[in-house]
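S.K.: Using the sequences and the hints given, assemble the complete structure.
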Amino acid sequence: MSSMAAGPGVISLREITKAFPGVVANDRISLDIVSGQVHCLLGENGAGKSTLISILAGMQQPDSGTILVDGAPAPINSPKAAVDLGIGVVHQHSTLVPAFTVLENLMLGETGLVRNEKRAVARLEELSELLGARIDPKALAGDLGLGQQQQVEIAKAMWKGSRLLILDEPTSMLTPQAIEKLAESIAQIKARGLAVVFITHKLREAYQIGDCVTILRGGKNVGHIGAEQLASLSEAQAHSAILAAMFGEDITTPDAADLAGATEARREVDDWGGGAKSVRLQLSGVATHGHGHDTDIRNVSISVHEGEILGIAGIDGHGQSALAEVVAGQRSASAGSIRFDGEDIARRGVRARQKLGLRYVTDDRLYEGTVAGMSVAINLVLKRIGQAPFWKLGQINRKAVDAEADRLIGEYAIKTPSSATRAGTLSGGNIQKVLLARELTDGARFVVVNKPTYGLDLKTVKLVRQILTEFASSGGSVLLLSTDLDELVELSHRIAVISDGEIAGIVQNDGRGTAERVGQLMTGAIEGTHA
Amino acid sequence: MSGLLSASVLAAFLTAILVQTMPLILAAIGETIGEQSGVLNLGIEGVMLVGAYSGYVAAVSSGSPWIGMLGGIAGGVVANLLLLVLNTWLGLNQIVIGLAITVMGEGLTSVLYLQNYSKHPLSVPGDSWAIAGLSDLPVVGPSIFRQSGIFWVLLLVMVAVAFLLARTNWGLSIRAAGQKPSSLDTAGGSVIKTRSSAVLLNGAFVGCGGAFLSILTTGTFTAFMTGGLGFVAIVITMLSRGKVSWIVITSLLYGIAVAIKNPLQLIGVSVPADVFQMLPFVVVMLTLILFARSSIVPPALGSPYTRGAR
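Going line by line, the protein sequences match chains A and B. Take the first sequence: its letter number 64 is residue 64 in the working numbering, and every next letter is one higher. Each number in the working numbering corresponds to the 1-based position in the second sequence with 1000 added.
Any given hint could turn out to be false.
[Unchecked claim] Residues from chain A that face chain B, not an exhaustive set, calculated with beta carbons under 7 Å:
no., residue
1, Pro79
2, Val83
3, Thr95
4, Val97
5, Ala99
6, Glu104
7, Leu108
8, Gly109
9, Glu110
10, Gly112
11, Leu113
12, Val114
13, Arg115
[Stated by the list, open to error] The following residues of chain A were derived to be distant from chain B, with all beta-carbon distances above 12 Å:
no., residue
14, Ala191
15, Asp341
16, Gly349
17, Arg351
18, Ala400
Derived from the structure by calculation, the hints contain no laboratory data. Even glycine gets a Cβ: it sits at the ideal position worked out from N, Cα and C.
M.R.: Following this line, the structure appears as structure tokens:
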């Protein structure tokens, strides 16, 4: 660990501990945040990054430990205290009010009765220069593209002239082009003498953007590489030092590098036969109609072949749910045809499609995907209710259900005390395994998966991806909807880009540069609709 | 002009519209402030009755309708303290608390009135401002320009509320608390303080509406006198999407439906009186059927806020 200096221009965390029921999220974490530096916090899901940020933002109080600002103790017991100290946070999930204009969002939290719009517009001008982006103050926040929303979030975090800017996983939903732009803004902000904390689980970004790196694992600070040290290490040396700290010794380096996004994601192009294989699912001109605030899809034509993984890239909320549900049969198509093995299934219901071998793993694992209060066993046969041998004459056959459950629990390595355990008590990763086990068993030939690894720990992520790859190589077809570009590039044979409910284009995944081409389609499409 | 639709009938008609509409506008404005901040006050019917009763008591014991209005406001605020403590501060369910307040308000005011005033009902002293020059005009003179001074003051208050909601930092906080309370919190504002102010103002306006009903519309208190007016106010609030101008327009529709009874009977439209009683509610239902699709309620309406909860 490098020297700890608590002086002017430094925000120091000392022995910060925060426990939640059953888990110590932060275990005596100490680190220094120095002005004019970008401090990267690395760690996988559940390592305690978000809790630490909540504490700095005043959203949570530490159980013990102190925070020193310029050497003096400064308790941060409310978000307001954080704002007053000049700590601005860009949270992972948007804190903009979609129904408000950009200006209204920025002025939120101001005091005094009458709104001073002139001053606010002037301040936005100032910040726009710094961010290198011009944002219409009268535009509704909900109408902005994701990259622009993030610019507004940064402007909001810096509104009161902050001294520390915290960015919580800011790149997770951005295109490669937008990430580059963000890196430029961060450099500008750093040059003004502000401290920046940059949180990520991708090593590549940490190395590119950070001046120093702190690695969290299991709630502990397990490694720090100071600024001089990081500058003196070669890229390869830095990588292996960080990887060792991130994963300990229980994982081999190439795997770890993959998981941590150290290398550029790339698919090993295997020979799946391409267009020679028969088309399993064919959507022609499919549209959906009306479903709350969800984006509908329009004129979607895609085909998925036998043994193929077709990725659907796009920013969250651009019609992915509508597409997934219209294929699964949970939503009816208002136009177009859906063919499965050449047969028109547009009028078939969920259960009929299920029987044909068309399955759906929802992204809403907790509510739509499982019945939290019921046992793992029941959840595993949930889609076969009433069918023999699990039900006989309307009566449940517990023995058959338990036998099937035990088989699937073994096959998919689901960690559960028993098959009678309530599904809601399992971890997110194991709930996802339950869903995959349920959908991929009993004659599955096609599966729609929506954000299959979102929010999971790295080892489960790897397992889920492996399950999908194996399913495809054994002849199954996958429609993979994801907001994680690296995941799409790693798994898909082809990647279609969905934007505002329409397919903006399809990219063959044939080696380098795929992510950039997909990114271009995403940004192109977005500028077309939102400019 | 036919004799039946004489100037005096028209003037009475206009007066009836104004006094019938005003309590509804006030209650809907109160409800709007609450809903915009994310607090749905289903107890509005009860709070209105409390305001009507306390306003009546204050007016007959002081002899001044002005003091009566203040009494109504105070009654409404006190009744809403329950919602403030149980829901805004402690996070209990708004629907349960709201219905409890409604039932309680109905029971409490009926019993108190029965106990104290039913044998010797007192009537509220009147109040009317003749606006110089305008009060002598035909039709509008004796109706609009001889209203109580309270009427004019309340008109000013309405404009003020519209301004506060749309143009001030306080209004912005109120709307943010109803749209996305976590945003307000992370921006350094206080969701609890913002919603508390909204709940208290909600009580003040709803109580004021009740007091207007007993003091100026009918001139007396009777048990259950609101007759569902509070719930109509909730409907109007949902349709008006936080806009005071919309509240006024939709409330006027209701007021006209109530007031049209007398002129229609005078012209001799031979329909049973029950039909006229029904008319306002038919209007409300028709409005709902036609416009309910465009009603948008704040996303955080009804959910208590806990910092850091996911």
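S.K.: Hints first: check each against the structure and report whether it holds.
M.R.: Now for the hints, and whether the structure bears them out:
Look at Pro79(A): its Cβ gets to within about 5 Å of chain B, closer than 7 Å, so that hint holds up. Interface restraint check for Val83(A): the shortest CB-CB distance to chain B comes to about 4 Å, inside 7 Å, so the restraint holds. Look at Thr95(A): its Cβ gets to within about 5 Å of chain B, closer than 7 Å, so that hint holds up. Taken as an interface hint, Val97(A) checks out: its beta carbon lies about 5 Å from the nearest beta carbon of chain B, inside 7 Å.
The beta carbon of Ala99(A) is positioned within 7 Å of a beta carbon in chain B (closest approach about 6 Å), and the interface hint is therefore held. Using the Cβ-Cβ criterion of 7 Å, the hint placing Glu104(A) at the interface with chain B is satisfied: the shortest such distance is roughly 6 Å. Because the smallest distance between the Cβ of Leu108(A) and any Cβ of chain B comes to about 4 Å, under 7 Å, the interface hint for this residue holds. A distance limit of 7 Å between C-beta atoms decides the matter here; for Gly109(A) the minimum to chain B is near 3 Å, and the interface restraint holds.
A least Cβ separation of about 5 Å between Glu110(A) and chain B falls short of the 7 Å threshold, and the interface hint therefore holds. At about 6 Å, the closest approach between the beta carbon of Gly112(A) and any beta carbon in chain B falls short of 7 Å, and the interface hint on this residue holds. Nearest Cβ of chain B to the Cβ of Leu113(A): about 5 Å, under the 7 Å cut. The hint holds. Hint on Val114(A) holds. Least Cβ distance to chain B is approximately 6 Å, under the 7 Å limit.
Proximity of Arg115(A) to chain B holds as hinted, the smallest CB-CB distance being about 6 Å (cut-off 7 Å). Listed as a non-interface residue, Ala191(A) keeps its Cβ farther than 12 Å from every Cβ of chain B; the least gap is roughly 26 Å. Listed as a non-interface residue, Asp341(A) keeps its Cβ farther than 12 Å from every Cβ of chain B; the least gap is roughly 40 Å. At the 12 Å boundary, the C-beta of Gly349(A) stays outside the reach of chain B, the nearest C-beta of that chain being 28 Å off.
A cut-off of 12 Å between C-beta atoms confirms that Arg351(A) is not in contact with chain B; the least separation is 32 Å. At roughly 38 Å, the least C-beta separation between Ala400(A) and chain B is larger than 12 Å, which holds for a residue marked as non-interface.
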